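Start from the sequences, fold in the hints, and give me the full structure.
Those protein sequences? They're chains F and C, same order as listed. Numbers 22 to 189, taken from the numbering used here, label the letters of the first sequence in order. Numbers 146 to 484, taken from the numbering used here, label the letters of the second sequence in order.
Treat the hints loosely; a few may be bogus.
Unchecked claim - So the derived list for chain C, only partly shown, Cβ under 10 Å to chain F, looks like this:
| no. | residue |
| --- | --- |
| 1 | I153 |
| 2 | K229 |
| 3 | I301 |
Stated by the list, open to error - Covered stretches of chain F, going by a simulated chain C footprint (3 or more residues, C-beta under 8 Å):
| no. | segment |
| --- | --- |
| 4 | 50-57 |
| 5 | 74-81 |
Unchecked claim - Which stretches of chain F does chain C cover? Using the computed rule of at least three CB atoms under 8 Å from a CB of chain C, they are:
| no. | segment |
| --- | --- |
| 6 | 87-97 |
| 7 | 147-161 |
No wet-lab data here; the hints were simulated from the structure. Keep in mind it's a predicted model, so treat the numbers as computed, not measured. Don't be surprised by glycine CBs; every beta carbon is placed ideally from N, CA and C.
Now for the letters of each chain:
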Amino acid sequence: MNLFDIIFYFFAFITLASAGIVVFSRNIIYAAFSLLFTFFGVAGIYVLLNADFIAVAQLLIYVGGILVLLLFGVMLTNKVVSVDIKTGTLQTLPASLLAAMTAGSICGVFYATDWKIVQSVPDVSTTTHRLGEMFLTTYLLPFEVASLILLVALIGAAMIARRGKTIF
Amino acid sequence: MEQLLRNILDNDFFVYTAMAIVPLLWILPYALGVIWLERKVSAHMQDRLGPMRTGGWHGWAQTIADMMKLLQKEDIVPAAADKKLHTLAPYLMFIGAYAVYATIPFSSDYIGSDLNIGLFYIVAVSSITAVAILMSGWSSNNKWSLLGAMRSVAQIVSYEIPTILALLAVVMIAGTLNLQEINKMQTGWFWNWFVFQKFPFIFIAFIIYFVASLAETNRTPFDIPEAESEIVAGYITEYSGMKFAMFMLSEFVNMFAVSAIAATVFLGGWNSPFGEFMSGPVWGVFWFLSKGMFFVFIQMWLRWTLPRLRVDQLMYVSWKVLTPWAFACIVCVGLWMML
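As structure tokens, this is what we get:
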């Protein structure tokens with residue numbers, strides 16, 4: 022067991038343990054904060070897979086953006102001094118069916134895919150350069166469409182927030 | 146540095162641990178010194194003397210005495226607080242502050258991790274601080290704490306945008322996110338520093354970065370999260386003893402981190418301003434630290450000069466002043482590079 026394996030199991034443990042808390046915790050705030058460690062662990066595993074840019078983007082977008090938004094949402098719906106929001110178990114049968122189907126399809130993909138195991142890792146020291154080139158050549162259209170959608174969402178959010186004060 | 150450690154220790158695990166600990170050797174004495182300095186600077190700017198007695202010469206041991214006092218204090222957790230999160234928050238705060246140091250080059254020979262995406266990593270990892278602040282604010286179960294935390298996170302999230310855009314202007318010239326590479330491009334006399342390139346656009350970007358970084362570290366004039374005349378001490382209201390000290394330490398660690406990034410990206414980092422004069426790995430540490438400390442001093446200077454902004458003014462500065470100017474800088478630098 023070398024250093025790589027130790028680090029992999031460390032991050033895998035962090036991810037699984039905190040994801041467990043997210044799912045099983047009855048306190049919604051604990052669930053929200055545990056997501057931080059889940060995202061962190063997943064980012065660590067991305068780094069081990071030589072996907073450094075994706076790892077850092079994961080931290081920036083999920084921890085810096087989505088998690089903070091989520092926490093704001095949880096906190097604003099829950100008065101600090103009042104009783105905590107607890108999560109309950111509802112609709113056990115449909116939920117377990119759906120979860121089983123999702124898990125089954127993921128496992129199906131996992132086993133059906135012909136994974137290519139490369140013995141010698143290709144040179145991935147310049148992921149950002151290659152990603153940038155790809156974005157502006159092969160994947161220019163999807164990239165631009167995605168950015169346009171984000172811009173529309175941004176303008177829409179600003180519009181909804183301003184409604185009542187303006188001409189609408 | 147890494148090679149030297151490898152020769153001595155001969156074990157990957159110990160080498161990486163040693164590499165990770167090196168910035169701590171600077172941070173801890175720095176925090177002691179800079180808290181004393183902050184008091185002296187504030188005192189002299191207000192025509193006072195500041196601490197003069199402890200330790201003899203100009204009260205140099207005042208911070209050490211204060212630290213001893215904090216260590217002995219009772220660790221109070223409010224009865225209605227959420228104990229687990231209340232305990233975890235200060236440490237998470239320090240992790241977020243310290244993680245930034247992983248890719249800051251202290252010298253041409255030392256960088257914690259020579260990441261290809263160093264600058265991007267720094268921007269991303271500092272968002273852990275926002276989560277830690279929210280955690281401390283919520284778990285304290287105190288109105289002031291929660292208000293302070295909300296303000297702080299709103300501020301950090303808004304000011305992240307001009308920060309990133311200002312750094313992006315430099316990244317466009319450098320063509321790399323690796324901080325060691327960015328430093329190497331600025332070797333030579335001080336006019337090679339990025340702050341003087343494509344004049345005056347990068348200079349404007351530098352000013353934008355510096356103003357936004359003040360807000361990111363919750364320093365005055367952007368210290369509304371801790372505005373003592375409005376909300377006691379914001380998210381650190383309910384902390385005492387060593388947990389309070391952790392928040393204090395994180396704040397000063399963050400102060401140096403943003404100063405170090407400003408020095409590295411805009412002002413040549415470990416490069417000597419005078420070409421070959423006093424350059425080399427060891428002198429590099431000296432230049433890097435003095436540039437960093439210079440910005441720390443400017444942060445203190447501003448703190449004791451400028452009044453605090455209101456919340457609406459704060460948002461105005463970020464969204465209507467800094468962000469458009471940062472975009473204009475990027476467009477102008479881009480056009481200049483096309484020509």
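The hints, checked one at a time:
For C:I153, the interface hint is violated, the least distance from its beta-carbon to any beta-carbon of chain F being 18 Å, above 10 Å. For the restraint placing C:K229 at the interface with chain F, the shortest Cβ-Cβ distance is roughly 8 Å, inside the 10 Å limit, so the hint holds. At its closest, the beta carbon of C:I301 sits 9 Å from a beta carbon of chain F; the interface hint therefore holds under the 10 Å criterion. Figure legend: the segment 50-57 of chain F, annotated as covered by chain C; annotation consistent (4 residues with Cβ-Cβ distances under 8 Å, at least 3 required).
Using a Cβ-Cβ cut-off of 8 Å, 5 residues of the segment 74-81 of chain F lie near chain C, which meets the minimum of three, so the contact claim holds. Evaluation of the coverage hint for the segment 87-97 of chain F: fulfilled, as 5 residues show C-beta separations to chain C shorter than 8 Å, against a requirement of three. Here's how the segment 147-161 of chain F fares: 3 of its residues keep a CB closer than 8 Å to some CB of chain C, so the rule of at least three is met and the hint holds.
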